[in-house]
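Engineer: Take 648 as the starting number for the sequence shown in the numbering used here and just add one per residue.
Among the clues, some could well be false.
[What the hints assert, rightly or not] With a cut-off of at most 25 Å between alpha-carbon atoms, the simulated SDA-like pairs for lysine to any residue come out as follows:
| # | residue 1 | residue 2 |
| --- | --- | --- |
| 1 | Lys649 | Asp672 |
| 2 | Lys649 | Gly661 |
| 3 | Lys649 | Arg696 |
| 4 | Lys649 | Thr710 |
| 5 | Lys649 | Ala704 |
| 6 | Lys649 | Met679 |
| 7 | Lys649 | Glu686 |
| 8 | Lys649 | Ser689 |
| 9 | Lys649 | Pro703 |
| 10 | Lys649 | Gln673 |
| 11 | Lys649 | Leu683 |
| 12 | Lys649 | Asp685 |
| 13 | Lys649 | Gln662 |
| 14 | Lys649 | Asp693 |
[Said to hold, decoys possible] Using C-beta positions, here's what the derived DEER-type ranges look like:
| # | residue 1 | residue 2 | range |
| --- | --- | --- | --- |
| 15 | Glu676 | Gly711 | 24 to 34 Å |
| 16 | Gly661 | Asp693 | 29 to 39 Å |
| 17 | Val658 | Leu709 | 29 to 39 Å |
| 18 | Ala704 | Leu683 | 16 to 26 Å |
| 19 | Arg708 | Gly661 | 15 to 25 Å |
| 20 | Leu709 | Gly661 | 12 to 22 Å |
| 21 | Ala656 | Glu676 | 17 to 27 Å |
I should point out that these hints are in silico values taken from the structure, not numbers from a laboratory. Heads up, the beta-carbon is just placed ideally off N, CA and C, and yes, glycines get one too.
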Amino acid sequence: MKITADTEACVASGQCVLLAPGTFDQDEEAGMVVLLADEPASGEDDAVRQAELTCPAAAIRLTG
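All chains, please: the whole structure from these sequences, using the hints.
Structural biologist: Written as structure tokens, this is what we have:
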């Protein structure tokens with residue numbers, strides 16, 4: 648699966664970081680999502696799917 652994150656749509660809730668910290672991070676200053684890789688970190692497939700579903704801004708997209 649491939650991951651994209653729309654930083655312009657992000658509302659800095661941090662849900663993705665809490666769910667999948669090996670795949671997502673937050674910018675220290677702006678609080679916006681930072682994608683650490685375009686594929687889930689090892690063992691985080693389900694967590695990344697959950698992050699996509701729970702993102703309040705729908706800023707995370709999964710393909711493949």
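Engineer: Okay, which hints does this one fail, numbers in order?
Structural biologist: 16, 17
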